[in-house]
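Chains C and V, in that order, are what the protein sequence lines are.
Quick note: the first sequence, position 174, residue 779 per our numbering, numbers continuous.
Quick note: the second sequence, position 40, residue 470 per our numbering, numbers continuous.
I should point out that these hints are in silico values taken from the structure, not numbers from a laboratory.
Positions of the beta carbon are idealized from the N, C-alpha and C atoms, including for glycine.
Take these hints with a grain of salt, some might be off.
[Claimed, not checked] Ranges of calculated distance between the beta carbons of each label pair, as one might list FRET restraints:
{"hint": "1", "chain 1": "V", "residue 1": "463", "chain 2": "C", "residue 2": "954", "range": "26 to 32 Å"}
{"hint": "2", "chain 1": "C", "residue 1": "1115", "chain 2": "V", "residue 2": "459", "range": "43 to 49 Å"}
{"hint": "3", "chain 1": "V", "residue 1": "453", "chain 2": "C", "residue 2": "946", "range": "19 to 25 Å"}
[Claimed, not checked] For the chain C half of the interface with chain V, some residues (derived, Cβ under 7 Å), not all of them:
{"hint": "4", "residue": "691"}
{"hint": "5", "residue": "695"}
{"hint": "6", "residue": "810"}
{"hint": "7", "residue": "813"}
{"hint": "8", "residue": "848"}
{"hint": "9", "residue": "850"}
{"hint": "10", "residue": "851"}
{"hint": "11", "residue": "881"}
{"hint": "12", "residue": "883"}
{"hint": "13", "residue": "1037"}
{"hint": "14", "residue": "1085"}
{"hint": "15", "residue": "1093"}
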Amino acid sequence: MGYLLHHLLSSAAATSPERPAVVDGDRTVTYADLEVRSNQLAQLLIELGVGRGDRVGIYLDKSFESVLAIYGILKCGAAYVPLDPQAPGARLAYMARDCGLRILVTGHAKRGAWGQIAAGGSLRHIIVLDVTGDGGNELTENVGIPILTASALDGRPVSAPSVESIDQDLAYILYTSGSTGEPKGVMLSHRNALTFVAWAVGRFGVDPQDRLSSHAPLHFDLSVFDLFGAAASHAVVVLVPATVSVFPIQVARFIDDHAITIWYSVPSILSMLTERANLGTGDLPSLRTILFAGEVFPTKYLRRLMHLLPHVRFFNLYGPTETNVCTHYEVAPIPEEQTETVPIGRAIDNVEVFAVTDEGRIASPSETGELYVRGGTVMRGYWGDRERTDSRLVTSPLGAQAEDDVYMTGDLVREDEDGNYRLLGRRDSQIKSRGYRIELGEIETALYSHPAVLECAVTAVPDDLFTNRIKAHVVTRDPVSEAQLARFCAERIPRYMVPEFFELRDSLPKTSTGKVDKVALAREVQMRGARS
Amino acid sequence: MSMAERVRDFIIDEAQWDRSREHLTDDYPLLENGLIDSLGIFHLVSFLESEFGVEVQDEELVPENFGTIANIAQLVASKRS
């Protein structure tokens, strides 16, 4: 399998050069072509001064070019940083500055935010991968740094550059919502990803005939399985266009048209597929496995989907970005009367999980505790934030037999009689919505930066399809409309974090210690509904 | 206010459109530009159902009906006639 992520590609290109690697709309690219083109990109990056340990941003809608970018960046020893293509410019600029991006690999449609990203000061070049010729030059003056196009790859050596890396080197940084108001960069190594990929390929029996969907965006860690799981198996990955997932019937048609065998996504897409795609029993015959992760799958939809697709095996994969996937559960038939959600299961190979009680003891089965994770998938830390890293990566409480650091997930769990863990809730105010991980505090920070906002609190409104919807309770000193507040947020935080509901009020309920009483707010929402 | 104008108002608020109203033309591609996503489509459908008294069927949830403001207005008009 190799010990670096791009070894997966090189080995697929050596033994299956003519097999398709990526399908992107009408384009199919073979392993041989992907190998050569990514070698050329790596050679170009090295010429531009990128070296081992550097960070290179990918700011592109998911496409063949973004897959090429990932491999090119890895092959020169650097780490790729996938930026959310929908994020507001200010947030992109923060991330670029935070991790000191040297180069931005991007697409022409994204040019609107280049200037803002470049203003951070660390960027030296922009490479526009979906434009050829000198089409970039006309834009250079607006951005202030040199812009290259895909033509810069032509004529570069087609061989892989020789870079000495080890599997503990950084492979990618994924930014997630941070409770202090700024996103935080989770650092993952080649080893972290490969530990998961090696397990997954074996567990799901992925083979060269498989056709994997790639639904999740690249800044979401679900994409690690889609891309590298396919390469490890010499299988093909079929990119799902963002516009397809808007319409449940289109998702079904896409699975049929592309004869997808393994689908992996957040549950909300699958709930909508269940409810609004007009599926009949036995439809989607090509599918053999559905993997879901990122949030809880509402039991009623999961049960219905399993009835509709009796030929498909279903797996729940669990793990915060910091640990990639760390546990899994193959869903057993769900009795009609069951409302309880399915377990997150047990640890994957080469990973150990255990629960720790409030008193700091290892929880015994049936006792509630916080889930800790130890082993190959556990991140290296948060970029540039030693303090936060130390607060989450702690010395193992297992004692002398295991003194390495373990990750505290913040998730409360209990082990059931069968040895499967069940998710019970969170220790903090982190929530999930459509698979996105959201710190409510980050939304509050955005609202507090509005000059008219005196006080605010953000609550999660539980929802069947989307897990949670977001409501903001705001006290202002001057009249401000809900639409103005929503727009203000949208300039600072990604759209999936912008509250759907705003409630303007004269005051917020307080606890006896003077803090905002979020329990009382949640109770109000529960009693009156989200909209009032 | 015409149907297209009411739909335009809704999308401006829903997607936090930050350019001028004139730029959001009847033929502006809503899907390619990410103005309607997987959550947005269900908000839009419930808006259409409550605002115009129509019922949108699962099989009508296709890009041809939601690609532009003109497409949406046409869908609603055809359902009301």
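These are the hints, each one checked on the structure:
no.: 1; hint: V:463 to C:954: 26 to 32 Å; result: violated (43 Å)
no.: 2; hint: C:1115 to V:459: 43 to 49 Å; result: holds (47 Å)
no.: 3; hint: V:453 to C:946: 19 to 25 Å; result: violated (44 Å)
no.: 4; hint: 691; result: holds (6 Å)
no.: 5; hint: 695; result: violated (12 Å)
no.: 6; hint: 810; result: violated (30 Å)
no.: 7; hint: 813; result: violated (31 Å)
no.: 8; hint: 848; result: holds (4 Å)
no.: 9; hint: 850; result: holds (5 Å)
no.: 10; hint: 851; result: holds (5 Å)
no.: 11; hint: 881; result: holds (5 Å)
no.: 12; hint: 883; result: holds (5 Å)
no.: 13; hint: 1037; result: violated (13 Å)
no.: 14; hint: 1085; result: violated (14 Å)
no.: 15; hint: 1093; result: violated (9 Å)
In this structure, the hints that do not hold are numbers 1, 3, 5, 6, 7, 13, 14 and 15, in rising order.
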